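Produce the complete structure using the sequences and hints provided.
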Amino acid sequence: MPAGYTATIAERNSFGCSVELVLETPRGFEASPGQFVHVLCGGDGRILRRPFSVSVSHNGGLALLVRPVGEGSRWLCSREVGEELDFLGPLGRGFNINETRENVLIAGGAGIAPLRFLAMEMRKRGLRTLLCWGMDGGEDFGRLPDIIAEESGLYVSTRDGKRGFRGSVLELLDALEVDRNAAFYACGPREMLADLVRGLGDGELERTQVSVEERMACGVGACRGCAVPSARPGAPYLTACREGPVFFAHELDWERM
Amino acid sequence: MPAGYTATIAERNSFGCSVELVLETPRGFEASPGQFVHVLCGGDGRILRRPFSVSVSHNGGLALLVRPVGEGSRWLCSREVGEELDFLGPLGRGFNINETRENVLIAGGAGIAPLRFLAMEMRKRGLRTLLCWGMDGGEDFGRLPDIIAEESGLYVSTRDGKRGFRGSVLELLDALEVDRNAAFYACGPREMLADLVRGLGDGELERTQVSVEERMACGVGACRGCAVPSARPGAPYLTACREGPVFFAHELDWERM
Amino acid sequence: MGTVLQTEVAGIGMKNPVLVCSGTWGNGREYSEWLDPGELGGIITKSVTLKPCAGNRPPRLWETPSGMLNSIGLENRGLEAFLEEELPWLAGFGVPVWVNVAGFSEEEYVQVATEISVSGLAAALELNISCPNVRKGGLRFSESLGDAVRLVARVREKAELPLFVKLSPRTADMKAMCVAMAGAGADGLSLVNTVPAMAIDIERAKPRLGNVTGGLSGPAIHPVAVLAVWEAYQSVDIPIIGMGGIWGWEDAVEMIMAGAGAVGVGTLNFVDPGAPLRIVEGIERFLARKGLARVTELVGLAHRGGFPDRAS
Amino acid sequence: MGTVLQTEVAGIGMKNPVLVCSGTWGNGREYSEWLDPGELGGIITKSVTLKPCAGNRPPRLWETPSGMLNSIGLENRGLEAFLEEELPWLAGFGVPVWVNVAGFSEEEYVQVATEISVSGLAAALELNISCPNVRKGGLRFSESLGDAVRLVARVREKAELPLFVKLSPRTADMKAMCVAMAGAGADGLSLVNTVPAMAIDIERAKPRLGNVTGGLSGPAIHPVAVLAVWEAYQSVDIPIIGMGGIWGWEDAVEMIMAGAGAVGVGTLNFVDPGAPLRIVEGIERFLARKGLARVTELVGLAHRGGFPDRAS
Ligand SMILES: Cc1cc2nc3c(=O)[nH]c(=O)nc-3n(C[C@H](O)[C@H](O)[C@H](O)COP(=O)(O)OP(=O)(O)OC[C@H]3O[C@@H](n4cnc5c(N)ncnc54)[C@H](O)[C@@H]3O)c2cc1C
Ligand SMILES: Cc1cc2nc3c(=O)[nH]c(=O)nc-3n(C[C@H](O)[C@H](O)[C@H](O)COP(=O)(O)OP(=O)(O)OC[C@H]3O[C@@H](n4cnc5c(N)ncnc54)[C@H](O)[C@@H]3O)c2cc1C
Ligand SMILES: Cc1cc2nc3c(=O)[nH]c(=O)nc-3n(C[C@H](O)[C@H](O)[C@H](O)COP(=O)(O)O)c2cc1C
Ligand SMILES: Cc1cc2nc3c(=O)[nH]c(=O)nc-3n(C[C@H](O)[C@H](O)[C@H](O)COP(=O)(O)O)c2cc1C
Ligand code: FES
Ligand code: FES
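Residue numbers (this note's numbering), protein chains in the order written: chain A, 2 to 258; chain B, 2 to 258; chain C, 38 to 349; chain D, 38 to 349.
One or more of the hints may lead you astray.
Unchecked claim - Derived DSS-like pairs (lysine-lysine); straight-line CA-CA distance at most 25 Å:
| id | chain 1 | residue 1 | chain 2 | residue 2 |
| --- | --- | --- | --- | --- |
| 1 | D | LYS52 | D | LYS327 |
| 2 | D | LYS243 | C | LYS243 |
| 3 | D | LYS88 | D | LYS195 |
| 4 | C | LYS195 | C | LYS88 |
| 5 | D | LYS52 | C | LYS212 |
| 6 | C | LYS327 | C | LYS52 |
| 7 | C | LYS243 | D | LYS327 |
| 8 | C | LYS327 | D | LYS195 |
| 9 | D | LYS88 | C | LYS212 |
Claimed, not checked - Computed Cβ-Cβ distance ranges for the label pairs, DEER-style:
| id | chain 1 | residue 1 | chain 2 | residue 2 | range |
| --- | --- | --- | --- | --- | --- |
| 10 | C | GLN271 | D | GLY39 | 49 to 59 Å |
| 11 | D | GLU287 | B | GLY71 | 24 to 34 Å |
| 12 | D | GLY131 | B | ASP141 | 33 to 43 Å |
| 13 | D | GLY39 | C | SER142 | 49 to 59 Å |
| 14 | A | ASP147 | D | LYS327 | 38 to 48 Å |
| 15 | C | GLN271 | B | ASP196 | 31 to 41 Å |
| 16 | B | ASP87 | D | GLY131 | 29 to 39 Å |
| 17 | B | ALA195 | C | PRO345 | 11 to 21 Å |
| 18 | C | GLY328 | B | LYS163 | 28 to 38 Å |
| 19 | B | GLU81 | D | ARG315 | 36 to 46 Å |
| 20 | B | GLY200 | C | GLY328 | 31 to 41 Å |
| 21 | C | GLY328 | A | MET258 | 50 to 60 Å |
| 22 | D | TRP126 | B | LYS163 | 52 to 62 Å |
| 23 | B | SER79 | C | SER142 | 49 to 59 Å |
Claimed, not checked - Just some of the chain C residues that point at chain A, by a computed CB distance under 10 Å:
| id | residue |
| --- | --- |
| 24 | THR40 |
| 25 | ARG66 |
| 26 | GLU100 |
| 27 | GLU117 |
| 28 | GLY337 |
I should point out that these hints are in silico values taken from the structure, not numbers from a laboratory.
Bear in mind that the values here come from a model prediction, so they are computed numbers and not experimental data.
Glycine included, every Cβ here is placed at the ideal spot set by N, Cα and C.
Here it is as structure tokens:
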């Protein structure tokens, strides 16, 4: 059930270029991996909420991993423990977990947020899971990779090889010689997703889920503002906020993305 | 010389319903009583600066006394020591100090801000000075009356007699039987000023100065937004920010105020 | 709540004067999870066109100072799906439904309006002749008084329902436009649609919106909307639904004082789905504080000298 | 600075494309304490009328979300005082001066424009036919294409100087208006004046402004102004001065990419008197970062496909 929440910041962890906010919700909170919350951010003359993936969900609380890229996310990153946040959620359609195949999770940059949650969930269910995280933009996430490595196992790549594999996260996948019969789950920059999809064969599209980012107003499917091109002829657009943010790769029209 | 300043908040004193901010300006600062500074305040979607009287000016620093009445002033009141403020000033025409007569200073509410400065200046010059402060709106200014009483001597009035004289500040003046040949200096709500002026005789208008408040945009005389009705036929309006905020009572058209 | 907030516009009774604006509340299903639609004064649907309409190329949103641009472009599933799946559901809440009608030709407007009218499920029509997001139709009618008059008269002739015309604030002579609309048979006016506007991404030197231009909504346009309502109230006797940047009950009261018989909450729904009902409560508290028995006493009050000044 | 920022509009050479807008910079004396007017690209004066003009009843200002309303109402000391005391002083800085001309009748516009022209001290005229703050004249011309054309043609006939016409964003068909202005002899367009708007004090149920209605300026209207410039650039070949809510160099660059040959800083002057020069610097840094040799390459760039997309 989506709802409006006031949450208290219980913990704030600085992870290099990003900030993790651990939130406590008095009424309890449950989400599935891939879902997001729509956060009211401060900032001068900004009116719309900002979507952030649930990156950990446990004991009725949740955590967000925020990269400061603009006014709203910067405002969020500078909140302190004890302050309150106003958010709607959980919203959207999360990942569909494949219980039978090997699961390969591919994160780019802050795209790790929902995949960390997904990996934890898969591990809880005892599924075969491989989590790869590319920091192709040269970002530094501090201790976070170590924490996630302990939680679920993790392969990291960087373009310059400073950390983990040297190359893009897709090159890392090749190097790991992952099972092409696996189910794929990806979240990251639009170009990374497009590159990934370009490399997929027919059967693989149906086994690949991507979480896409699109600017949002309502976050609940009411405004049709977050349209992404659909592959189905009759319905030219899907909403990232309600029908997504997670889509099977074959649901989207990658030519028009 | 007016200028743009970045000042550091060196001290913050809570005085009941108001907050005093003591500012340090790296380049030094000099103002005369009645002048104001134009402060950039935060607050969602607010774009204009807010005018505040210089309430103390000393050793190249200054103090403001701020009553939180709206978003800008509330923002200002919640600043902390060490934070920086951006202001323009000193701006406007201050009080013209009469060196020969007795000087009677009449403050209403936060109108004390410039009159405190004026009284200190008069005392420095050894002039006969009587400072009356009415808290007709029932405001509580905490320890501030005591501090000002020590600085320059002070008579206080409140409507309910909770503190000092029981009645309006104008009734206090009557009760004190002040010398009608004195020079008068007033700052307070528009109605208080109008009541005061209504009670003045012909010769007294020329000996009475009032500091008026008007909404401002530029604060420097460029926009003509802060117009107050002039008593002079040829020039229908004067600017509160440049030709004021202090006017001799006979300069203004009180019918149109 | 009693009768304090009860009101009516063009003969349509409402339990309170707060509606939700076209296109900002989907067709209700999304927000029915957040509030009971039956508590609203009324519902204005997303624009309906004759055929399904894909809408504009993304990106469709851009945030601007105290506002947002949208170029949704009338995306909707068309009249047939609307009549089958949306309208009956919406009509079930017992609050009046304004069906917002759009088209790419006069004939389409007329046909959609007629079929909605015939359905018996709607309380009124809102004719969207001011959508800045479609090249044909839409704003074109709003740009030309003559075209607008002809369209309204044609719809008026065929449709039984009370007819509200939704105007653009980008109207050179708002008063003349309002008079013309009333003359052509409009029973009410909806003021305002979004303000045509655009933004450019300077890093790419390309428009931010896939459709290049869009419509500005939100608090930024509120003072523009208040003036539109003010001018309409001065020039015609038909009721006005005021909308544009309402961000709290104070803005709603302001609109009503400017002359609106009812108000629409738009962009604010996206930020605070519970806002319409909180605005209802705020208006009620204001009336109580001011000692007014009915919200209708507020309508156009600022044209009648306002509240008496307190003696000082 | 070299030639990077040099530009010209309607034959008027400027050392950079940043002007200050009419009415937002007084006649320079106030702000000359904050910056050297000689560093500006040009100066647009406050509106000058034939006779001294008292302006509107206070209050004249009201702040709104990301904007402000003003109803100054053309307060100025009249043509004579302007020619004697203001213009010679302004002309002394060696930067082109646009004299903004307003009037309450066609005759007044013509007479003021002619005398300014004859004075030999101005570089150009800016005809204010879009002031929302005067009942007679002002916006009336902007509301009617025919009236506007006649006025511009009459001024054109008498005045030698390059003639810029300042338009209201509340123009139903902006493209048609621009075409008509160019046809009537305008050498350039100033886009935009403030947007007509108003606010009501709900505690008193009375308008916030003494003049009831006013003009909205500031960041709130920036996307509206960008569209006006965009549409003008598409429809006419005469140069455009873009203004409206410019709040930093990014907004100035956006305006230029939309088609403005020069930009005007307005309300921002009130908040940051040094802003025009900081905007000049910001534009220069942007050009350097993008590897452009001249600011003129940016003019209308968004109409020509923008910068090439980076390969990913
Ligand atoms: C479903 C979803 C989940 C997300 N999860 C996370 C997350 O877990 N952690 C995280 O750091 N970020 C996440 N994002 C991105 C995040 O929403 C944006 O970074 C944020 O909205 C930027 O707001 P701002 O005010 O800081 O930036 P703005 O000043 O608004 O913009 C700054 C930059 O960010 C881009 N941007 C802004 N909003 C969006 C958006 N909604 N989608 C894509 N790009 C945007 C702009 O194009 C611009 O380049 C997610 C986005 C979506 C749609
Ligand atoms: C020359 C001058 C000196 C001043 N000195 C002081 C001072 O020393 N201490 C102090 O506390 N206040 C002072 N004021 C008043 C102060 O400027 C306003 O309280 C402040 O601007 C309100 O801003 P806001 O954003 O908090 O309120 P807003 O939300 O803008 O308005 C809240 C209320 O304050 C009133 N108000 C807002 N701006 C002004 C203004 N410029 N003049 C009069 N009323 C206004 C509004 O009408 C409204 O009722 C002075 C004003 C002037 C013109
Ligand atoms: C995302 C979005 C979609 C809209 N869709 C429509 C529409 O389909 N038909 C219509 O007449 N108005 C539409 N509008 C305009 C609103 O109904 C309303 O007139 C406008 O947004 C002003 O109100 P606001 O500022 O409160 O949002 C839309 C507005 C937004 C923001
Ligand atoms: C206080 C004020 C006074 C103005 N006076 C005039 C004027 O006298 N003549 C005129 O043509 N425009 C006048 N304008 C309009 C500005 O020149 C400019 O077109 C408008 O403010 C939009 O720009 P901005 O949003 O950057 O302020 C005035 C604007 C303001 C805010
Ligand atoms: S953000 Fe409104 S439909 Fe997705
Ligand atoms: S505030 Fe601009 S002239 Fe006074």
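Do the hints match the structure? See the list:
Between D:LYS52 and D:LYS327 the CA atoms are separated by roughly 20 Å; this keeps the pair inside 25 Å, and the hint holds. The straight-line distance between the Cα atoms of D:LYS243 and C:LYS243 is roughly 43 Å, outside the 25 Å bound, and the hint therefore fails. Annotation: proposed proximity of D:LYS88 to D:LYS195 holds, straight-line Cα distance about 19 Å (limit 25 Å). Among the hinted pairs, C:LYS195 with C:LYS88 is consistent with the structure: their alpha-carbon atoms are about 19 Å apart, no more than 25 Å.
The hinted pair formed by D:LYS52 and C:LYS212 fails the criterion: a straight-line CA distance of about 44 Å is larger than 25 Å. In summary, the hint linking C:LYS327 to C:LYS52 is supported, as the alpha carbons are separated by about 20 Å, within the 25 Å threshold. For the suggested pair C:LYS243 and D:LYS327, the alpha carbons sit about 15 Å apart, so the restraint of at most 25 Å is met. Annotation: proposed proximity of C:LYS327 to D:LYS195 is violated, straight-line Cα distance about 58 Å (limit 25 Å).
A C-alpha spacing of about 30 Å is found between D:LYS88 and C:LYS212, which places the hinted pair above 25 Å, so the restraint is violated. For C:GLN271 and D:GLY39, the Cβ-Cβ distance of about 56 Å falls inside the hinted range of 49 to 59 Å, so the restraint holds. Between D:GLU287 and B:GLY71 the CB atoms are about 29 Å apart, so this pair conforms to the stated range of 24 to 34 Å. For D:GLY131 and B:ASP141, the hinted distance range of 33 to 43 Å is not satisfied, since their beta carbons lie about 58 Å from each other.
Remark: the range hint 49 to 59 Å for D:GLY39 to C:SER142 is upheld by a beta-carbon distance near 56 Å. Separation of A:ASP147 from D:LYS327 is about 40 Å and conforms to the stated range, judged on CB atoms against 38 to 48 Å. The given range of 31 to 41 Å is respected by C:GLN271 and B:ASP196, whose C-beta atoms sit roughly 37 Å from each other. Taking the beta carbon of each, B:ASP87 and D:GLY131 are about 31 Å apart, inside 29 to 39 Å as hinted.
The supplied range of 11 to 21 Å is met by B:ALA195 and C:PRO345, whose beta-carbon atoms lie about 19 Å from each other. The hinted window of 28 to 38 Å between C:GLY328 and B:LYS163 holds, with their beta carbons roughly 29 Å apart. Look at B:GLU81 against D:ARG315: about 28 Å separates their beta carbons, and that is not inside 36 to 46 Å. In this structure the hint that B:GLY200 and C:GLY328 lie 31 to 41 Å apart at CB holds, the actual value being about 34 Å.
Between C:GLY328 and A:MET258 the Cβ separation comes to about 59 Å, which falls inside the hinted range of 50 to 60 Å. The supplied range of 52 to 62 Å is met by D:TRP126 and B:LYS163, whose beta-carbon atoms lie about 56 Å from each other. For the pair B:SER79 and C:SER142, the beta carbons lie near 57 Å from each other, so the given range of 49 to 59 Å is met. Annotation: interface hint on C:THR40 violated; nearest CB of chain A at approximately 30 Å, more than 10 Å.
Using the Cβ-Cβ criterion of 10 Å, the hint placing C:ARG66 at the interface with chain A is satisfied: the shortest such distance is roughly 8 Å. Contact between C:GLU100 and chain A, as hinted, is supported at the beta carbon level, the nearest pair being about 5 Å apart and thus within 10 Å. Look at C:GLU117: its Cβ only gets to about 13 Å from chain A, farther than 10 Å, so that hint breaks. Interface hint status for C:GLY337: violated, as the beta-carbon distance to the closest one in chain A is roughly 29 Å, over 10 Å.
Figure legend: structure checked against the earlier numbered hints; hints not met, in rising order: 2, 5, 8, 9, 12, 19, 24, 27 and 28.
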